[in-house]
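Undergrad: These are the residues of each chain, in order.
Protein chains: 2
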Amino acid sequence: MKALVTGGAGLVGNALCRKLLEQGAEVLCVDNLSLGTLRHIEEFKDRAAFKFENWDVSRPGWHEKLKGRRFDLLAHLAANSDISLGRERPEMDEERTFATTFEVLQAAKALRVANFLFSSTSAVYGADPVMPTPELAPRLHPVSIYGAGKLASEAYISAFVENYGLRAWVYRFGNVVGRRLTHGAIFDFVARLRKNPAELVVLGDGRQSKTYIDVEDCVGGMLHAFERSPAGKTHAERFQLFNLSTTGTTTVREIAEEAVAVVAGGKSAIRYGDSPIGWVGDVPKTSLDVSKISALGWAPKLDSTAAVAASIRDYAEWSR
Amino acid sequence: MKALVTGGAGLVGNALCRKLLEQGAEVLCVDNLSLGTLRHIEEFKDRAAFKFENWDVSRPGWHEKLKGRRFDLLAHLAANSDISLGRERPEMDEERTFATTFEVLQAAKALRVANFLFSSTSAVYGADPVMPTPELAPRLHPVSIYGAGKLASEAYISAFVENYGLRAWVYRFGNVVGRRLTHGAIFDFVARLRKNPAELVVLGDGRQSKTYIDVEDCVGGMLHAFERSPAGKTHAERFQLFNLSTTGTTTVREIAEEAVAVVAGGKSAIRYGDSPIGWVGDVPKTSLDVSKISALGWAPKLDSTAAVAASIRDYAEWSR
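Chains as they are written, first to last, in this note's numbering: chain A, 1 to 320; chain B, 1 to 320.
Bear in mind the hints are in silico, worked out from the structure with no lab data behind them.
Here the structure is a predicted model, which means the values were calculated and not measured.
Where hints are given, some of them may not hold.
For identical chains, the list gives no copy identity; a pair is met inside one copy or between any two copies.
Derived DMTMM-like pairs (lysine to aspartate or glutamate); straight-line CA-CA distance at most 25 Å [stated by the list, open to error]:
hint: 1; residue 1: Lys233; residue 2: Asp282
hint: 2; residue 1: Lys195; residue 2: Asp314
hint: 3; residue 1: Lys19; residue 2: Glu254
hint: 4; residue 1: Lys285; residue 2: Glu237
hint: 5; residue 1: Lys292; residue 2: Asp128
hint: 6; residue 1: Lys109; residue 2: Glu43
hint: 7; residue 1: Lys195; residue 2: Glu258
hint: 8; residue 1: Lys19; residue 2: Asp274
hint: 9; residue 1: Lys65; residue 2: Asp314
Construct the complete structure from the given sequences, taking the supplied hints into account.
TA: Structure, rendered in structure tokens:
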């Protein structure tokens, strides 16, 4: 199998490249290193089956150098996954989260890639959906620029499936955590505690409760659903949506306390804000209905709180 | 009231500009004349309250010349509304249907426009939704590139409402018809019958059944919902979605027969294809649940078939 992975130097990209290589695939990893880093792919550099290109996939025609190459699978993970940064610079977020998808779809069309995997997000559901939220929730009104970029991406994937013959697997992730974080609460807490072990300032009241998934479980789930989905001809069969997370949730307070325990020996004072959200566009509660992917026989190894604990421990070590 | 109307030289734009002028508004109409034409706005050229600029609103920073100007209302209607053309040139459709929206939202943010009106489409529902389709349908999987661009637009409008303080009214139109058509079945049938009155070739089997709304009813409904929506603070109150059409539907066969009657004195042979759809991405049946806008006291003057008949008669005269 030949695979093309965009955003392959990010958190999920690193784990997906490793898993694909383990399965014997040839992997071309493309990343512009805006959030991903070379250190994330260093472990693959002596593997003949692995190639890396520092390309910006938001540029029209970025794929022209690949003309005539054949890929069985294209996993599009490139995005600005830093939600609060997206609010400050919506044009940057739109370029990295949406325009990348459109231009990668154009690549899939030009290269006639049959199978398109996409990392979407629970942020497409916006605030106040039914919880746990099913894939066919009646309200898709994102409140973050990032969530908008992902829903916009899904919309074009749906239309490209109908018009240009590819099949797509769209995964709406909970918060993905693991060793190679590039942003997010754990990433921030570890950095702040290193700077000031005496005190940890938390945005919001810490009562936000979200679902977290370990990155290994996440890429395992992606490939599980890809391999197990039966072939089909209708649009609904060729455009497969999956919520992908654990069933549990973890509060920001639990994350803060665990980070303090691991990084600062439990000795920091934790100071919370007053707001029920961390920033504008933050969705304070997420809980995903994962019965669709579960019905394909998939289950995560770690629950939400165990995934968070492992990520804090592993990321603190990795980033030391 | 000062209003900025993008796509103001199109079918809906023409009617909206006229209605706003009738209500005493000052109107700045912006259009790049890709589908709209100067003839559509000729009737306003002596009105002091009307100004026209030939600008392409998909370009970042297009609004810089408006710096310091205040608008009470921004109606964003600019798009490539020719669905089958969008399939042939997805990059053109993405630029005109999606990128225009993103850059017009950036304008609304920069100019601090409080009220944002947007022409969306029933095409966001894709194929096979529940019918009549309510605004909170569980499936938003567009099958046309055009529908994708509109859903992508809605996603960013939703996020801009949350992040940058505007309120939005998003109208999912049925097929809008009237005198100043720029594309679509009636437009095509009239052109073909003028070229060859002996025979009318119809794409698809003619059994497609869709909901049509007269453009005067359409802009009346837009302003009705805008004026009657109560103020609110929650995202759901500030991001208002409305299906906007008639309750009835009309088949392509009925349109073809009416066009033959009006343009060719009933004498053309009509030849249908075999396909249940007119082109890839065509949604063969649409029927919208309009109970939300009806509850605000709005009703169209013309039903679907009367709107079609009036459009054929008026457009045939207008385009003679």
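Undergrad: Please write out, lowest number first, the hints stated earlier that are contradicted by the structure.
TA: Hints 3, 6, 8, 9 are the ones this structure does not satisfy, whereas the remaining hints hold.
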